[in-house]
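Enquirer: Protein sequence lines, in the order shown, are assigned to chains A and B.
Using our numbering, read the first sequence as starting at 1438 and increasing by one per residue.
Using our numbering, read the second sequence as starting at 1438 and increasing by one per residue.
Certain hints may be false.
Any copy will do: because identical chains look the same in the list, a pair fits if it lies in one copy or spans two.
What the hints assert, rightly or not - Quick list of in silico lysine to any residue cross-link-like pairs, SDA-like style, CA-CA up to 25 Å:
| # | residue 1 | residue 2 |
| --- | --- | --- |
| 1 | 1457 | 1484 |
| 2 | 1629 | 1645 |
| 3 | 1457 | 1546 |
| 4 | 1461 | 1500 |
It is worth saying that the hints were derived from the structure and are not from the lab.
Number of protein chains: 2
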Amino acid sequence: MSLIVQKFGGSSVADAESIKRVAKRIVETKEAGNDVVVVVSAMGDTTDELMDLANEVSSNHAPRELDMLLTAGERISMALVAMAVRSLGHDAKSFTGSQAGMITDAQHGTARIVEVTPGRLREAVAEGNIVIVAGFQGFNRSTGDITTLGRGGSDTSAVALAAALDADVCEIYTDVDGVFTADPRVVPNASKIHRISSEEMLELAASGAKVLNIRATEYARRHGVTLHVRSSFVPNEGTIVYNPTEGETVEEPIITGVAGDLSEAKITVAGVPDVPGKAAQIFTVVAAADINIDMIVQNVSSGGSGQTDISFTLPTAEADDALAALKAAQSDIGFSDLALDENIGKLSVVGAGMRTSSGVSAQLFTALFEAGVNIDMISTSEIRISVIMRADQLNEALRKVHTAFGLDSDVEAVVYAGTGR
Amino acid sequence: MSLIVQKFGGSSVADAESIKRVAKRIVETKEAGNDVVVVVSAMGDTTDELMDLANEVSSNHAPRELDMLLTAGERISMALVAMAVRSLGHDAKSFTGSQAGMITDAQHGTARIVEVTPGRLREAVAEGNIVIVAGFQGFNRSTGDITTLGRGGSDTSAVALAAALDADVCEIYTDVDGVFTADPRVVPNASKIHRISSEEMLELAASGAKVLNIRATEYARRHGVTLHVRSSFVPNEGTIVYNPTEGETVEEPIITGVAGDLSEAKITVAGVPDVPGKAAQIFTVVAAADINIDMIVQNVSSGGSGQTDISFTLPTAEADDALAALKAAQSDIGFSDLALDENIGKLSVVGAGMRTSSGVSAQLFTALFEAGVNIDMISTSEIRISVIMRADQLNEALRKVHTAFGLDSDVEAVVYAGTGR
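Take these sequences, add in the hints, and give me the full structure.
Expert: Okay, structure coming up:
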């Protein structure tokens, strides 16, 4: 008998009808002879509605109270899913994050899981129950307070439970059929990836592919959890995200997929004295402001001016904080100017086969040249190449690169209703 | 420094505006130099909306899951109230029933409090916090499950916390100014009662006065908690419900108030063999069906027929169950007929002074006679007389009796917006 963890996001449980459909899906898995543990998000817009109420009564939300408020959302959906499953004739019990043993640190709003003690879930499963667990939420032991895991938290809850319960697979239900070689909304001929290594999946997620949350993917990789990303609307097999065992030889495609990202901005620090230690000084200032830097380029010092420019990319949402932090340190660092460019796009190609294959960058740059794209910055990892370009060139570039690497499918990908989690 | 427990019902926290008004009220109490612990119900229609969702996904709700679902309601309101209080510049923390130490039995939907261990609340108060607690909900230790206290549960939560914390007073905020000598919607000249003993309050509540929940009143009486029933809309003093100390001599009015009740029905079991043990047999059957009987009348056996009729009153909502239980036992008991009368009204006069005063019943029956009312059944306690009459005569009878006992005020009572808890 297998143990399957299934995760359904907010759009999958948006209303009573959706909840009944999800319940049917869960029961089918149980009746196929599996033990089933389900993780659910809050219904559709519940979280937004609760945030609106919070904004009406208070301007500066206490994180502890906000977590208390928002966790009501999954409490509602999990109880309703349990009721719907029971009305299909199966025993079911719902558990909050705290009852499920999801122990976190005390960082309200962005808590990290420190331990999972799913004793009550094991017991409930052993009694024949289908177990429904609230995603996104946990519990801090030292304060006794309820916490939330932040964005994508329900995916992480599901993966963490799958790891702790030693589940055979963690199924992530979403509004697309699986992971595609590119975003089907941008590249209509994107093809579904049937199997992808967790390492590649992580690079894709970090490069802007939204189908799987980065933190959940990383957790799955570290704990050896096999993921199955599939549609909550159709019964098709989706994408298996697997963890190659040590020494396993896998026939890997050179390029597994391409991803685009419009959520970053570029800051250029101009007129930096070209003396040792200045870059370190800049990035120490930025790191102290808790900013996540992605790519960095230091220009060659121009003709004996004794000055240089340093550019880096970061999430657009964090740009103002970074600018303020740098501004405050301007006289210390001694740069002349700061410039913000929000109009950039990042294109990444990912593939484990790159390790053993040469010529990928040449092929990429040729495709981009033919698409008329100017490359602004480049960064690479062992299995990824990312380039920064003008934002308005990104989609066309994605389609051209997708074709150039032979990823096009013969059929157009179908995108189902719903807007994801 | 006093410790005050304040309870706000669903209509007092129905929306963001109401929550902000309640927060102001709470902060005023704190700034007057008191420690404050607040108990809140779910916002306005939240409970109904959650029940609607439950009805859409399931027809036969598992009580455990229903409790899980419904307790999301107070979780939302308590977090919002805490946020609103904090935005007025005071520290505040919210606690679920389980965090507040509200330990109950395992009877989902109608759990009874078995112990209150408010250690975390005491700590939070000592740290200077205004403490906000979810009403209506508790926690069963042996199952580890969340429970709810049933109808009027938030009043009971507040009183139980006040008892456990040894609070100076438990303020119950409602949509009327306090407890009146009669329902102001029926008797416009009803006057506000400034002080009433818990015993009288209990008789009034049991007689249909809706301003205070019976269970909460009983809990307050048993644990010596002083209640203050007051309006959440105006700052007026309301009604103090006090517990006379042993041997305390109190100048008590003969009649404190009158109450009407249209929620009962009468069942008549006709043609019952007039032999010993038949009444016991009937009420054993009814009790086994978990029915709450109020008044009982056994008619005098009519002219040697060897048969008698037994009538009793009960909540109309339980009438069908009672009829079914009796029907099933008809051949055992040997009665000939069952009749249901839903068209009855109960009028009660309550006053601790009755104990030492005679003539109250004569005065009552005269007033009813003058109002043209036929009395159907009578029952009395030490401090109460109740009579059953036709439902359509009840309101007029209440006004006549109110006047006859000299309870009329010179001014009309004001009933504020809102529809109670």
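Enquirer: Work down the list of hints and note, for each, if the structure agrees.
Expert: Hints versus structure:
1. 1457 x 1484: Answer is both; intra-copy 21 Å and inter-copy 21 Å each pass.
2. 1629 x 1645: Within one copy, since 17 Å is at most 25 Å while 67 Å is not.
3. 1457 x 1546: Cα proximity of residue 1457 and residue 1546: across copies only (24 Å, versus 30 Å in one copy).
4. 1461 x 1500: Intra 36 Å, inter 21 Å, cutoff 25 Å: inter-copy only.
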